[in-house]
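Residue numbers (the working numbering), protein chains in the order written: chain A, 1 to 119; chain B, 1 to 290.
Just so you know, not all the hints are guaranteed correct.
[Claimed, not checked] Chain A regions said to be covered by chain B (calculated; three or more residues, Cβ under 8 Å):
1. 26-36
2. 52-63
[What the hints assert, rightly or not] Some but not every residue of chain B turned toward chain A, in silico, with C-beta under 7 Å:
3. Val65
4. Gly70
5. Leu88
6. Thr90
7. Ser135
8. Glu181
9. Ala185
10. Ala230
It should be emphasised that the hints constitute simulated quantities derived from the structure, not laboratory data.
Where a beta carbon is used, it is the ideal one built from N, C-alpha and C, also for glycine.
Chain by chain, the residues:
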Amino acid sequence: MNLKTCALGFAMTVTACVPIAMAHAHPKVMLPAADSAGPAPAKIVVTFSEPVEAKFSSLSLTNEKGTAIGTEKSAGVTGDPKTLTLAVPKLTPGDYLVHWVSVAPDGHKMQGEYKFTVK
Amino acid sequence: MLSEGQLLALHVLASGVADVAFSLSLGALAAFIWKTLPATYGRKLFVLIGLAALLIAAAQPVQLVILTAGMTGAASFSELVPQFRDVLSTHAGWILLPQAIAAGVAAAAALIPFPRRSRLALVAASLFVLSLFRSASGHAASDGNYSLRELSQWIHLVATGVWAGGVMLSAWLLSSFADTEQQYANGNRLSMQSATAIVFIFMSGIWNTWLGVGGDIQGTLHTRWVLLLAIKLLFVLTALALGATNRRTLQHPPTKQTMHRLCVTLRVEAVLMLVILLLSAWLGSVAPAA
Chain A
1 MNLKTCALGF AMTVTACVPI AMAHAHPKVM LPAADSAGPA PAKIVVTFSE PVEAKFSSLS
61 LTNEKGTAIG TEKSAGVTGD PKTLTLAVPK LTPGDYLVHW VSVAPDGHKM QGEYKFTVK
Chain B
1 MLSEGQLLAL HVLASGVADV AFSLSLGALA AFIWKTLPAT YGRKLFVLIG LAALLIAAAQ
61 PVQLVILTAG MTGAASFSEL VPQFRDVLST HAGWILLPQA IAAGVAAAAA LIPFPRRSRL
121 ALVAASLFVL SLFRSASGHA ASDGNYSLRE LSQWIHLVAT GVWAGGVMLS AWLLSSFADT
181 EQQYANGNRL SMQSATAIVF IFMSGIWNTW LGVGGDIQGT LHTRWVLLLA IKLLFVLTAL
241 ALGATNRRTL QHPPTKQTMH RLCVTLRVEA VLMLVILLLS AWLGSVAPAA
């Protein structure tokens with residue numbers, strides 16, 4: 001076996017081993033965008049990289065002190081299994097944190113948060 | 001109830017056991033096609049398939065409990081039970097049910113004695129159904145039902161099962177033969193089967209990567225996931241190297257010494273397969289960014 005054959009075999013093995021865990025739903029498009037500054041939004045919209053189980057996935061909003069904002073619960077969007085929305089009350093200027101939880105169709109859960117600023 | 005780490009360990013263990021059992025059942029089913037096995041081994045193979053299928057069926061309720069705990073974050077078993085209904089309405093939840101049924105049918109068909117041909121047909125059909133639902137239960141589910149990704153995952157799953165199961169089964173089979181000619185004939189069958197399976201593993205693996213990664217692997221580097229992947233890769237390469245050694249051994253006329261060497265190498269390869277299947281279960285449970 002020469003070096004070229006070994007290298008090709010190695011590359012093929014790497015490739016064949018990779019695909020197992022590429023699908024976990026993480027935020028892909030966020031409105032307002034992460035770390036952005038702008039006018040107060042009427043709702044938070046997050047589109048994930050994969051479809052999410054709306055029943056077990058959620059969005060919530062807190063201010064910079066960690067106090068929950070609003071009483072609405074997030075919901076899925078009919079016809080778009082990748083997107084969740086959260087209606088929010090009128091936001092005053094300041095920093096806000098969006099906390100997200102996603103459960104992908106394979107049952108895997110991910111969570112995180114991102115910040116945006118209302119001017 | 002259980003910490004996140006404990007839940008992960010349980011999930012890996014349950015999926016790993018189910019993966020090993022699934023591979024063994026496919027390996028045993030494939031051995032029926034070899035036609036080089038003594039007739040007395042038919043009953044043993046059926047018992048092996050039956051026990052493996054029972055393990056797979058038993059793993060499904062365990063998976064449901066782990067899945068529910070992971071999805072809901074329930075703190076106790078009493079909090080968990082009312083959530084089962086909601087979890088069973090999700091893709092990951094409901095797909096456990098047909099897997100349990102298919103595995104149960106495979107176990108019954110393999111363990112209840114009735115005409116061999118009908119038994120084999122029923123075992124093959126139920127394992128086929130089981131494989132379809134297993135391939136739709138993992139990450140491939142993200143593209144929806146009946147997707148190309150699920151088809152590719154199905155090929156990958158079955159080929160991996162045939163390779164790993166064939167090796168694990170042969171490690172036991174070949175050592176149990178006293179006749180070197182018999183070891184040689186079955187060793188050659190295994191070698192041919194493994195080589196074919198590996199071609200399908202690579203082809204479906206490359207296709208899966210193209211569909212799943214889309215060239216974006218940058219964000220996953222320097223993570224625990226990539227470390228696990230590297231470890232798995234090391235074991236896969238070692239198994240491939242051992243397989244190549246066996247193939248070379250089988251190119252020479254059989255002697256007691258060469259067949260003994262083949263059996264020893266196969267046992268090491270079987271252990272490697274166990275580790276690879278467990279690592280695959282672990283990788284399948286961890287997010288790339290973790």
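Hint by hint, here is what the structure shows:
Only when three residues or more bring their CB closer than 8 Å to a CB of chain B does the claim for the segment 26-36 of chain A stand; here the count is 1, and the claim is violated. Only when three residues or more bring their CB closer than 8 Å to a CB of chain B does the claim for the segment 52-63 of chain A stand; here the count is 3, and the claim holds. The beta carbon of B/Val65 comes no nearer than 12 Å to any beta carbon in chain A, farther than 7 Å, and the hint placing it at the interface is violated. Taken as an interface hint, B/Gly70 checks out: its beta carbon lies about 6 Å from the nearest beta carbon of chain A, inside 7 Å.
Interface hint at B/Leu88: violated, since its Cβ lies 11 Å from the closest Cβ of chain A, which is beyond the 7 Å cut-off. At its closest, the beta carbon of B/Thr90 sits 5 Å from a beta carbon of chain A; the interface hint therefore holds under the 7 Å criterion. Among the interface hints, the one on B/Ser135 is violated; its C-beta lies about 12 Å from the nearest C-beta in chain A, farther than the 7 Å criterion. Among the interface hints, the one on B/Glu181 is violated; its C-beta lies about 29 Å from the nearest C-beta in chain A, farther than the 7 Å criterion.
A distance limit of 7 Å between C-beta atoms decides the matter here; for B/Ala185 the minimum to chain A is near 27 Å, and the interface restraint is violated. A least Cβ separation of about 9 Å between B/Ala230 and chain A goes past the 7 Å threshold, and the interface hint is therefore violated.
Violated hints for the displayed structure, listed by number in ascending order: 1, 3, 5, 7, 8, 9 and 10.
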